[in-house]
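Protein chains: 2
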Amino acid sequence: MKEFWSKRAKALTPYIPGEQPRERKFIKLNTNENPYPPSQMALAAIREAVGESLRLYPDPECTSLRETLAATFGLKPNQVFVGNGSDEVLAMSFQAFFDPERTILFPDITYSFYPVFADLCGLNYREVPLDECFGLPVEEFLGNNGGVVIANPNAPTGRALSLCHIRTLLEGNPDAVVIVDETYVDFGAQSAVPLIDSYPNLLVVQTMSKSRALAGLRVGFALGNADLINALNSVKNSFNSYTLDRLALAGAEGALRDGAYLRAIAMKISSTRDCTADRLKRMGFEVSDSAGNFLFISHPEVPAKTLLDGLRERGILVRWWDKPRISNYLRITVGTDEEMEALCQALSQLVAKE
Amino acid sequence: MKEFWSKRAKALTPYIPGEQPRERKFIKLNTNENPYPPSQMALAAIREAVGESLRLYPDPECTSLRETLAATFGLKPNQVFVGNGSDEVLAMSFQAFFDPERTILFPDITYSFYPVFADLCGLNYREVPLDECFGLPVEEFLGNNGGVVIANPNAPTGRALSLCHIRTLLEGNPDAVVIVDETYVDFGAQSAVPLIDSYPNLLVVQTMSKSRALAGLRVGFALGNADLINALNSVKNSFNSYTLDRLALAGAEGALRDGAYLRAIAMKISSTRDCTADRLKRMGFEVSDSAGNFLFISHPEVPAKTLLDGLRERGILVRWWDKPRISNYLRITVGTDEEMEALCQALSQLVAKE
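These protein sequences, in sequence, are chains A and B.
Residue numbers for the first sequence follow this note's numbering, so the first one is 71 and each next one is one higher.
Residue numbers for the second sequence follow this note's numbering, so the first one is 71 and each next one is one higher.
So here's chain A without its partners, still in its complex pose (with noise of 0.2 Å):
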């Protein structure tokens, strides 16, 4: 009916976020999660967060995080903004830093959020087109642009872009904010942090979600100069002045002073990707490398949605997008061992069928 909804309500294409399925037991690689489980210290936190201090407020400064964050980037707290989920932290830097005047650009082929923050937003944005083989065309991000987003590594790709591209997009564009989102940055690409103190128009978004194995947590932040920061947090206090609960503060915080099991896992993850990466491109699959927790593959034979639908009734979730340049392509999480030893065996049953 739509009877009483404003116009912007009518104009907007939400975003449809992978399946979370909640009967059957599926291996489930559609939504890139980790496959493993958080820091003990994190769970150890929560737990003893759990008590008669819910019935009041967090802090909505969420100061004691900031600062473990900042230790932990080697920032101040005022470098730090944090919210609920890298989703909340973009979808307010949108709002933050972009005008609908000044249009603002982003690939053609990246995390399919970006168009809707947008649109949410009123804002004018570009799709640039990425080239054939998914890498990023810096030349074209360059001039007199309201804003930049870039995932990096990029996804559904997995591509990662180089410091020194990033360098030139941000000297590319000194009057508009480059967001570069790093939800899968310590899967293997260089993140852009060690710049924040030399490029007062960077914003680094970053998650707890993928690597730090806390999606049902719900804790994203960004970093950059406290000018910025100020922005978003103008913006969060004039939505929701407390974005964080006092258990999800309590989580970040303890899986933030665990930082050797974060990278124990994360190299994990990235070694597995890496051998099933091999083996499927010895089995014909095209596979577009990878610095993320995740896979992008097509097969020269057997059409994607095929193989999407043959691998769910394998009791195999994954992700696919009915899009231009990319309908022929599955992006698939790297799980554990056992779980990618049942990928390939269901995808060498679905290409020798063919």
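To be clear, the hints were calculated from the coordinates, so they are not data collected in a lab.
Only a predicted model underlies this, so the values are computations on that prediction, with no experimental measurement involved.
Fair warning: there could be bad hints in the mix.
Copies of the same chain look alike in the list, so a pair counts if it fits in one copy or across any two.
[As the list claims (entries may be wrong)] In silico SDA-like links for lysine to any residue, alpha-carbon gap of 25 Å or less:
1) LYS95 to GLU209
2) LYS351 to THR376
3) LYS146 to MET71
4) LYS95 to LEU113
5) LYS80 to ASP297
6) LYS77 to ARG172
7) LYS146 to PRO84
8) LYS72 to GLY192
9) LYS351 to SER340
10) LYS375 to GLN90
11) LYS77 to GLY385
12) LYS351 to CYS203
13) LYS351 to VAL421
14) LYS146 to THR133
15) LYS72 to ARG172
16) LYS351 to GLU409
17) LYS80 to ASN148
Starting from the known structure of chain A, fit chain B onto it as the hints suggest.
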């Protein structure tokens, strides 16, 4: 500097929440938290959810929690929307239902986040003056408005509105959404939930933060006809697919299963409120009739700011606004009987001294 801020961000005047002290131990009567602990059923449900599954995203549709809320309120699950605190639910409602072309109305004295939400959405609003006793002039809210937002009971006054008046508001605004913010309803006002099936333009917003003693968990919800709820889902899925984490979902469900505890603590708080109000009146205070878990008081001789500072020196935090019409009032959260005893003793010293 605001060098890279969007025009929207530059124009914001963010909401300022009440202080959440991190160090010194205060009697905290400044943010309307519940003085009693959350339900044991809520805490047990959270403890059960702390574990490996935190590596997985939560259910983005919050199906189980919405089903439990629907059962609690005698509605269908598609009449229920949940969000990260009622502030987020309200912010999304302003985006989903109101347009810049049609002025929305709310009282001049009410929850001070409403004008902030309106500014964030670029909406035009008119603040309708309450009468001398802080009563709502219902007839002033009727007509061709773009929307109406009413807190019932109102904050910070505590004044409740009858269902009859809510009906008049709904019938007098047939082409606009009327949001009834029932944050404090469980402490003594009549809920408009029974009107939902009769009025497609009614949206009721409630929270787990007050009567259910879970301010630290960040769960709010909206109840209304399915078409309104769909609009909220569109906005939410254009902003952040996963606004509630797994622990908040679990805790909220646990709390809802413990209706007896909710009623017991809400009744206890209402009774403490009424006793405290009587005592303060005997001490010479003007105390407005409150149906919330707070009192709104003024003294004929001692300025509210003097009382605020004096209470703080004595270790008691209350809330004061330097705003027209209410700058000689304090809003005081109803705590335990012991906390109210300490409050009354401190106030009686402060009043006697002058």
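Do the hints match the structure? See the list:
Taking the closest pair of Cα atoms, LYS95 and GLU209 never come within 25 Å of each other, the shortest separation being 46 Å inside a single copy and 57 Å across copies. Within a single copy, LYS351 and THR376 get their C-alpha atoms as close as 18 Å, which meets the 25 Å cut-off; across copies the closest is 76 Å, which misses it. In this assembly of identical chains, LYS146 and MET71 lie within 25 Å of each other by CA distance solely across copies; the values are 18 Å between and 50 Å within a copy. Taking the shortest Cα distances, LYS95 and LEU113 sit within 25 Å of each other inside one copy (24 Å), while across copies they are farther apart (27 Å).
Taking the shortest alpha-carbon separations for LYS80 and ASP297, only the inter-copy value of 12 Å comes in at or below 25 Å, while the best intra-copy value is 34 Å. Taking the shortest Cα distances, LYS77 and ARG172 sit within 25 Å of each other both inside one copy (22 Å) and across copies (11 Å). Taking CA atoms no more than 25 Å apart as the test, LYS146 paired with PRO84 passes between copies only; the shortest distance there is 23 Å, against 35 Å inside one copy. With identical chains, the CA atoms of LYS72 and GLY192 are at most 25 Å apart both within one copy (19 Å) and between copies (21 Å).
With identical chains, the CA atoms of LYS351 and SER340 are at most 25 Å apart within one copy only, with a shortest distance of 16 Å there and 69 Å across copies. With identical chains, the CA atoms of LYS375 and GLN90 are at most 25 Å apart within one copy only, with a shortest distance of 19 Å there and 52 Å across copies. Proximity of LYS77 to GLY385 under the C-alpha cut-off of 25 Å is found in neither arrangement, the shortest distances being 41 Å within a copy and 49 Å between copies. Taking the shortest Cα distances, LYS351 and CYS203 sit within 25 Å of each other inside one copy (16 Å), while across copies they are farther apart (77 Å).
Taking the shortest Cα distances, LYS351 and VAL421 sit within 25 Å of each other inside one copy (12 Å), while across copies they are farther apart (82 Å). Taking the closest pair of Cα atoms, LYS146 and THR133 come within 25 Å of each other only inside a single copy of the chain (11 Å); across copies the shortest separation is 40 Å, beyond that limit. With identical chains, the CA atoms of LYS72 and ARG172 are at most 25 Å apart between copies only, with a shortest distance of 17 Å across copies and 31 Å within one. Taking identical chains as interchangeable, the C-alpha atoms of LYS351 and GLU409 lie at most 25 Å apart only when both belong to the same chain, with a minimum of 18 Å there against 70 Å between chains.
With identical chains, the CA atoms of LYS80 and ASN148 are at most 25 Å apart between copies only, with a shortest distance of 19 Å across copies and 37 Å within one.
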